[in-house]
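Peer 1: Chain by chain, the residues run as shown.
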Amino acid sequence: MAEKKLMKGNEALAEGAVRAGCRFFAGYPITPQNEVPEYMSWRLPEVGGSFVQAESEVSAINMIYGAAATGVRCMTSSSSPGISLKQEGISYCAGADLPFFYANVVRGGPGLGNIAGAQGDYFQSTRGGGHGDYKVFVMAPDSVNEMANFPRKCYEVAFKYRVPSMVLADGIIGQMMEPVEFKDHEIDVEKLPKLDWNLGIADGREKRIVNSYDLAEGMLEKMVLARLKKYKEIEEKEVMYEEKQLDDAEIIIVAYGTSARVSLAAIKMARDKGIKVGLFRPITLWPYPKKRLSELTDKVKHFLSVEMSTGQMIEDVRLSLNGKAKTYLHSKPGGSIMAAEDVLKTIEAISKKGAKEHATIK
Amino acid sequence: MQLLNKRPESLVDMKMHYCPGCSHGIVHRLIAEVMDELDIRNRTIGIAPVGCSVFADKYFNCDMIQGPHGRGPAIATGLKRTTPGAIVFSYQGDGDLSSIGMAEIVHTAIRSENITVIFINNAIYGMTGGQMAPTTLIGQKATTCVYGRDPKLTGNPIKMCELLATIKGAKYLERTSVHTAPNVIKTKNAIKKAFKNQIDNVGFSMVEILSTCPTNWKIDPVKSLKYVNDNMIKVFPLGVYKDSKGGE
Amino acid sequence: MYQGIRISGFGGQGVISAGILLAYSGMVEGKNVSFFPSYGAEMRGGTANCSVVISSDEVTTPIVSVPDTVMVFNEPSLTKFEPLVKPGGLLIVNSSLIKSKVKRTDIKVLYVPCNKIADELGNAKIMNMVALGAFAANTGALSVDDIINTLPKVYKKLKPELIELNSKALRKGAEVLLN
Numbered sequence: 000m001a002e003k004k005l006m007k008g009n010e011a012l013a014e015g016a017v018r019a020g021c022r023f024f025a026g027y028p029i030t031p032q033n034e035v036p037e038y039m040s041w042r043l044p045e046v047g048g049s050f051v052q053a054e055s056e057v058s059a060i061n062m063i064y065g066a067a068a069t070g071v072r073c074m075t076s077s078s079s080p081g082i083s084l085k086q087e088g089i090s091y092c093a094g095a096d097l098p099f100f101y102a103n104v105v106r107g108g109p110g111l112g113n114i115a116g117a118q119g120d121y122f123q124s125t126r127g128g129g130h131g132d133y134k135v136f137v138m139a140p141d142s143v144n145e146m147a148n149f150p151r152k153c154y155e156v157a158f159k160y161r162v163p164s165m166v167l168a169d170g171i172i173g174q175m176m177e178p179v180e181f182k183d184h185e186i187d188v189e190k191l192p193k194l195d196w197n198l199g200i201a202d203g204r205e206k207r208i209v210n211s212y213d214l215a216e217g218m219l220e221k222m223v224l225a226r227l228k229k230y231k232e233i234e235e236k237e238v239m240y241e242e243k244q245l246d247d248a249e250i251i252i253v254a255y256g257t258s259a260r261v262s263l264a265a266i267k268m269a270r271d272k273g274i275k276v277g278l279f280r281p282i283t284l285w286p287y288p289k290k291r292l293s294e295l296t297d298k299v300k301h302f303l304s305v306e307m308s309t310g311q312m313i314e315d316v317r318l319s320l321n322g323k324a325k326t327y328l329h330s331k332p333g334g335s336i337m338a339a340e341d342v343l344k345t346i347e348a349i350s351k352k353g354a355k356e357h358a359t360i361k
Numbered sequence: 000m001q002l003l004n005k006r007p008e009s010l011v012d013m014k015m016h017y018c019p020g021c022s023h024g025i026v027h028r029l030i031a032e033v034m035d036e037l038d039i040r041n042r043t044i045g046i047a048p049v050g051c052s053v054f055a056d057k058y059f060n061c062d063m064i065q066g067p068h069g070r071g072p073a074i075a076t077g078l079k080r081t082t083p084g085a086i087v088f089s090y091q092g093d094g095d096l097s098s099i100g101m102a103e104i105v106h107t108a109i110r111s112e113n114i115t116v117i118f119i120n121n122a123i124y125g126m127t128g129g130q131m132a133p134t135t136l137i138g139q140k141a142t143t144c145v146y147g148r149d150p151k152l153t154g155n156p157i158k159m160c161e162l163l164a165t166i167k168g169a170k171y172l173e174r175t176s177v178h179t180a181p182n183v184i185k186t187k188n189a190i191k192k193a194f195k196n197q198i199d200n201v202g203f204s205m206v207e208i209l210s211t212c213p214t215n216w217k218i219d220p221v222k223s224l225k226y227v228n229d230n231m232i233k234v235f236p237l238g239v240y241k242d243s244k245g246g247e
Numbered sequence: 000m001y002q003g004i005r006i007s008g009f010g011g012q013g014v015i016s017a018g019i020l021l022a023y024s025g026m027v028e029g030k031n032v033s034f035f036p037s038y039g040a041e042m043r044g045g046t047a048n049c050s051v052v053i054s055s056d057e058v059t060t061p062i063v064s065v066p067d068t069v070m071v072f073n074e075p076s077l078t079k080f081e082p083l084v085k086p087g088g089l090l091i092v093n094s095s096l097i098k099s100k101v102k103r104t105d106i107k108v109l110y111v112p113c114n115k116i117a118d119e120l121g122n123a124k125i126m127n128m129v130a131l132g133a134f135a136a137n138t139g140a141l142s143v144d145d146i147i148n149t150l151p152k153v154y155k156k157l158k159p160e161l162i163e164l165n166s167k168a169l170r171k172g173a174e175v176l177l178n
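Protein chains in written order, with numbering that gives the first Met the number 0: chain H, 0 to 361; chain P, 0 to 247; chain B, 0 to 178.
No wet-lab data here; the hints were simulated from the structure. In this text, all values refer to a predicted model and were calculated from it rather than measured experimentally. Among the clues, some could well be false.
Chain H regions said to be covered by chain B (calculated; three or more residues, Cβ under 8 Å) [unchecked claim]: (1) 162 to 175; (2) 254 to 264; (3) 334 to 343.
Yeah, the Cβ is synthetic: ideal placement off N, Cα and C, and Gly gets one too.
Build out the structure end to end from the sequences listed, making use of the hints.
Peer 2: Following this line, the structure appears as structure tokens:
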């Protein structure tokens, strides 16, 4: 194993992408993700890649659309308002079946909001985000080490299925420093498999077209349904999650990213008081680990969604449980981080009222 | 028997959807002839816009990508930066280039991306049904200015060659027209130069081509040609607005 | 073992670099660590602060809301952070710039003339190292030697004589002990 390095989340993400073969980056400054373009601006030239500070997020995502069409591993990053601006382009990439990787280092919203870490972009990320029927492969890191290592998985899935993939981080994970260990060796881009769809030097082969439209009767429906098949396969094969202290748990906290870390502190406090709580951490937010959550209802009847939003992920928890267990919400929106002590209070309340039907604690 | 003229290799053998009297077909053919003559078809990537020429991705016999309205130059940047050996051209209309895509065209010129832009200026939105464009002439009627364009409400027509000429990175800018045969030849020469510049790594090149839209102008094709001659050229004078070598 | 730390002061007083050095030293010693800076608009107006966690267990939240130790380098930082210190925790006050006295009686307080000591060593910029030295000696979370050994790893471009000067500042700070 390589030596541990102390790295900032955003820089680890950028380095992780370069090691995973990223050779083109286009982006625009916005807090709290500025370290990503800053890092890429000097790092990409070192490996023969190219960096562009675009004139806007809209331009940046369209540079990515062009770069992704050539089959090069490329990346953009932004924070919430900037990601909103990029949605049309992301939809085009999804509609043209182009693989690429992007990151949203989420801040408080809506509107200009604030620049603190938040999780209010859950719906936007997991439902597609832009116009039309499509999905994006979404990974939610809860540490700088995962920031460093998730880009590789994102590229793998993106190129395997030809879909956009993203890391959904937040300002806290982007800005904090932690020890990092890059698990895999650096990818040699020259040795990546040749593609059969990308644009470039044709050199005698048939022309290729990259587009996202078909105006002929019924053709678009066929394209959308073909993509749906791909999404179903991703839902079957690419789900990732982590379970902690579930063996004897009577209450399960469901949380991702920063919320999962705070929840762990609350779980420790609760267990000191004799309350049996465990953590279920979805790592992929789409596909969501629905099946596993559903299985857990055999033993556990109380599920608490802890999130830095007003109750977004809890909808996926409810869909997964499908009425087989009770759901509760601990919510901290607006770019604030919940205190473990407050999560503990919610756990205690569930523990006391647990026998009551339809108990919902906010 | 000698074959004197034929369909360029760089055009796919299929029927185009353009209206009678529309200039797109002529300009498509000129680009295709230039690609043939410079022998670059096998390494060219074209960008089809949103608008009437959206189907250009089917018509040109080279790799093509169709992108969002106005973003051709940004897409071109991504293509060229990742595949420097490719010849990249962006084909754009006036709504595309001078309205929604104003930021992209200006900043791509500022960066002097080594690409070729073909700008079709017919002073109106075609595909959407004849709305006012930034290049619509004063007094010209459109579906969103039914009494004619009023500068007090909508400003004056934007002159893209003149605007981009102030940018150091814009290396070659020429405005031409295709309303007469001699002008068609001049246009072809300009297109050829804009592609040759890219081969020679000169930097950003754009040809603005005054074009017709009989359908939305609501006049017949012959009168449309006369409209270009009598009205458009006065507002958009033809000529070379910039011609500098790379590195300047 | 768990040590949650906040450091706060003016921009330029080395708040951020002191925090990174602490976290790095903890990592080198095999501990779990995290560092979290104030950023963006919070930095405008000249103040900066950061959170550092050094722990033998997994680090949960990186934002230290109830710190075991706080180091304040200027007057506004004292006002902001004095109320946050955990009862029984330690507050290190840069007495060269902070004239107010700490009001709380349920915490340990150490007044360290960081700027004065740094000036005597010949470089005002190393006042943050004086504070770190005092932190190490009075908390035992890390040893002064641990931090000194980490210096060249964090400041790769720093000349040996400056590493030496920083080391001296750390040792001088470590001489200031609680009664």
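Peer 1: State for each hint whether it applies.
Peer 2: Against the structure, the hints:
{"no.": "1", "hint": "162 to 175", "verdict": "holds (count 4)"}
{"no.": "2", "hint": "254 to 264", "verdict": "holds (count 5)"}
{"no.": "3", "hint": "334 to 343", "verdict": "holds (count 3)"}
Violated hints: none; the structure is consistent with every hint.
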